[in-house]
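> So you can see what is in the structure, the chains are spelled out below.
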Amino acid sequence: MVRDIWTVVIKDLKLDIRRAENFFSMLFFSVTILLIFAFALPQKQSTQVDILSGVFWIVFLLSGLLSLNKTFQQEKENGCIEALLVSPVNRGAIFLGKMLGTVVFILIVQILVIPVFGILFHHSVIENFSWFLLMSLLAALGFGSLGTLLAGLTSDIRFREILLPLLLFPLIIPLLLACVRITQSLLAGEGILGAGDWLRLLVGFDAIFMIVSFLVFEFVMEL
Amino acid sequence: MVLIGLERNSLRVTNGSNIHSIFNTLNLQRLFLKDTALTLIDRIMSFNKISRLLGFAVLIGLILDVLMIFAWSPTDSSMGWVQKIMYIHVPSAWTSFLSITVAFLFSLLYLWKRREQFDIIALSAVEIGVIFCGLALITGSIWARPTWNTYWTWDARLTTTLILFLIFSGYLLLRRFSEPGDQQARLSAVVAIIGFLDIPLIHLSVVWWRTLHQPSTVFSPKQNVIDDQILVTLIFSVSVFSILFLFLLLNRVELERRNRLYMKTVMTVDE
Chain F
1 MVRDIWTVVI
11 KDLKLDIRRA
21 ENFFSMLFFS
31 VTILLIFAFA
41 LPQKQSTQVD
51 ILSGVFWIVF
61 LLSGLLSLNK
71 TFQQEKENGC
81 IEALLVSPVN
91 RGAIFLGKML
101 GTVVFILIVQ
111 ILVIPVFGIL
121 FHHSVIENFS
131 WFLLMSLLAA
141 LGFGSLGTLL
151 AGLTSDIRFR
161 EILLPLLLFP
171 LIIPLLLACV
181 RITQSLLAGE
191 GILGAGDWLR
201 LLVGFDAIFM
211 IVSFLVFEFV
221 MEL
Chain X
1 MVLIGLERNS
11 LRVTNGSNIH
21 SIFNTLNLQR
31 LFLKDTALTL
41 IDRIMSFNKI
51 SRLLGFAVLI
61 GLILDVLMIF
71 AWSPTDSSMG
81 WVQKIMYIHV
91 PSAWTSFLSI
101 TVAFLFSLLY
111 LWKRREQFDI
121 IALSAVEIGV
131 IFCGLALITG
141 SIWARPTWNT
151 YWTWDARLTT
161 TLILFLIFSG
171 YLLLRRFSEP
181 GDQQARLSAV
191 VAIIGFLDIP
201 LIHLSVVWWR
211 TLHQPSTVFS
221 PKQNVIDDQI
231 LVTLIFSVSV
241 FSILFLFLLL
251 NRVELERRNR
261 LYMKTVMTVD
271 E
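These protein sequence lines are chains F and X, in that order. Here the first sequence stands for residues 1 to 223, where the numbers follow the working numbering. Here the second sequence stands for residues 1 to 271, where the numbers follow the working numbering.
Please keep in mind that the hints were generated in silico from the structure rather than gathered at the bench. There may be inaccurate statements among the hints.
To be verified - Residues from chain F shown here face chain X by an in silico Cβ test under 7 Å; the list is partial:
#1 35
#2 37
#3 158
#4 166
#5 170
#6 174
#7 177
What the hints assert, rightly or not - DMTMM-like cross-link-like pairs, simulated, lysine to aspartate or glutamate; straight-line CA separation at most 20 Å:
#8 F:14 - F:4
#9 X:113 - F:161
#10 F:76 - X:179
#11 X:264 - X:116
#12 F:70 - F:161
#13 F:76 - F:218
#14 X:49 - X:256
#15 X:113 - F:218
#16 X:264 - X:155
Stated by the list, open to error - What follows is a list of derived Cβ distance ranges for each label pair:
#17 X:57 - F:77: 50 to 58 Å
#18 X:228 - F:41: 48 to 56 Å
#19 X:210 - F:7: 52 to 60 Å
#20 X:147 - F:25: 24 to 32 Å
#21 F:32 - X:197: 58 to 66 Å
#22 X:179 - F:73: 14 to 22 Å
#23 X:229 - F:193: 49 to 57 Å
#24 X:117 - F:73: 45 to 53 Å
#25 X:210 - F:73: 37 to 45 Å
#26 F:126 - X:183: 22 to 30 Å
#27 X:74 - F:197: 35 to 43 Å
#28 X:62 - F:189: 53 to 61 Å
Every residue gets a Cβ at the ideal spot worked out from N, C-alpha and C, and that includes glycine.
Start from the sequences, fold in the hints, and give me the full structure.
The following block contains the structure:
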């Protein structure tokens, strides 16, 4: 099982490395959104601290959506999804592999986006780099679980680009709220335990939807 | 084989007189009679009979409900006449949660047993749930304007209801964008299940986020918070709405069954 998951993760990451356009499009998309926020929001340093965590997570969600869109689309192109499904690997392993691949991909992009974010908005972000990365990991686990499930679910359907965010965003509102609150307390200097309840909610959300998505994925991917 | 399977499948979802005539003209009645068990149930208690009975109950219930709301239950001392909208708002919210629960259960059943009937019930329940969710939101806004002096507040229960409305509107869009069949049924069942499981988390997070709503009065441990007459009217109203839900569900299920049967018959004839 672990080996199967590993194989799927490595396969996806290899594909991503060979077609660098996925990575760069996501990176430049994130930076572009950051620029738009920088132009659209007030310039005063004091207000920028208040809206910092909100902007960060909006950028996270929008760019994360791009990486979800690609997970099953590139499989569809040459009928690879059928090959993957008939291979002697159980659906749970395919799901976990795809999910972890997405998480790693999101994290690599975040490593580059967080410094840019700090430069454009506020220096405190760079000081808290490792915390921001940890929060991105926790968010990516829940986002990646539900996102991979729903990306697989909508992969056969017309208008999937619009349907995926329509289904996904309302479902991950608890995750978004928790991330915004924890980041706020991080930036306020209270540490990650300053929002202990929210942290528990976030970890619980990740755990619940990882398990649920793992269990129902086989119904989504029937040949 | 596929063709026979299709026909048999479509026959299972049959009853109702219009369908009989279609089958007669297509000379398929021979096949139709195979499903004797269902035909027998049909003879004892037809869909029309149950539907008419429920419809009658709903009609009487709604008339009584209106009388109770406006003539019997006392007018609230602080909120005045405005408070009467509660007898529509609370039952609507209740009915929407009831339908979503029904949809969740039948989605699980569908994934387990794979019977088309369960899929039809889940779809019908979600449609009714979304309508009542919308009603609860609208009546909530109307009620909030005079009492909280705003049409919309980010109160916990209102926000949860709004998110619920969005999730299950997404469900209906998914239905709209995919072709009827086993795949559509599976995918929508999965969405209904994760949507339902998400509700407690959404509610918890939104409660922590902010709250302004009056604490739930009906189920609060303190006694005599609300007048007996108001409580009785509210419970009666909720019961009437529940019967209305059953009535709507039954009719929507029957409509969907006939519609799908019709589509399948047309397809079979084409082939």
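> Each of the hints needs a verdict: does it hold here or not?
Each hint, compared with the structure:
1. 35: Check failed: Cβ of residue 35 of chain F comes no nearer than 29 Å to chain X, outside 7 Å.
2. 37: This interface hint is violated because 22 Å lies over the 7 Å limit.
3. 158: holds (5 Å)
4. 166: With Cβ-Cβ at 5 Å, under 7 Å, it holds.
5. 170: Where the cut-off is 7 Å and the nearest Cβ of chain X is about 4 Å from residue 170 of chain F, the hint holds.
6. 174: Interface hint status for residue 174 of chain F: holds (4 Å vs cutoff 7 Å).
7. 177: holds (5 Å)
8. F:14 - F:4: Measuring from Cα to Cα gives roughly 15 Å; hence the hint holds.
9. X:113 - F:161: violated (31 Å)
10. F:76 - X:179: Given pair residue 76 of chain F, residue 179 of chain X holds - Cα atoms ~18 Å apart, limit 20 Å.
11. X:264 - X:116: OK: residue 264 of chain X and residue 116 of chain X at ~13 Å, within 20 Å.
12. F:70 - F:161: This hinted pair holds, its Cα atoms lying about 10 Å apart.
13. F:76 - F:218: Holds: residue 76 of chain F and residue 218 of chain F sit about 17 Å apart, inside 20 Å.
14. X:49 - X:256: holds (18 Å)
15. X:113 - F:218: Cα-Cα ~15 Å, so holds.
16. X:264 - X:155: violated (47 Å)
17. X:57 - F:77: 50 to 58 Å: holds (56 Å)
18. X:228 - F:41: 48 to 56 Å: About 54 Å separates the Cβ atoms of residue 228 of chain X and residue 41 of chain F, which means 48 to 56 Å holds.
19. X:210 - F:7: 52 to 60 Å: violated (46 Å)
20. X:147 - F:25: 24 to 32 Å: Violated, at about 50 Å.
21. F:32 - X:197: 58 to 66 Å: The hint (58 to 66 Å, Cβ to Cβ) is violated, given that residue 32 of chain F and residue 197 of chain X are roughly 35 Å apart.
22. X:179 - F:73: 14 to 22 Å: holds (20 Å)
23. X:229 - F:193: 49 to 57 Å: holds (50 Å)
24. X:117 - F:73: 45 to 53 Å: Because 34 Å falls outside the window, the suggested range is violated.
25. X:210 - F:73: 37 to 45 Å: holds (38 Å)
26. F:126 - X:183: 22 to 30 Å: Violated, at about 47 Å.
27. X:74 - F:197: 35 to 43 Å: For residue 197 of chain F against residue 74 of chain X, whose Cβ atoms are near 41 Å apart, the range 35 to 43 Å holds.
28. X:62 - F:189: 53 to 61 Å: With Cβ atoms ~59 Å apart, the hint holds.
Checked against the numbered hints given earlier, the structure breaks hints 1, 2, 9, 16, 19, 20, 21, 24 and 26 and satisfies all the rest.
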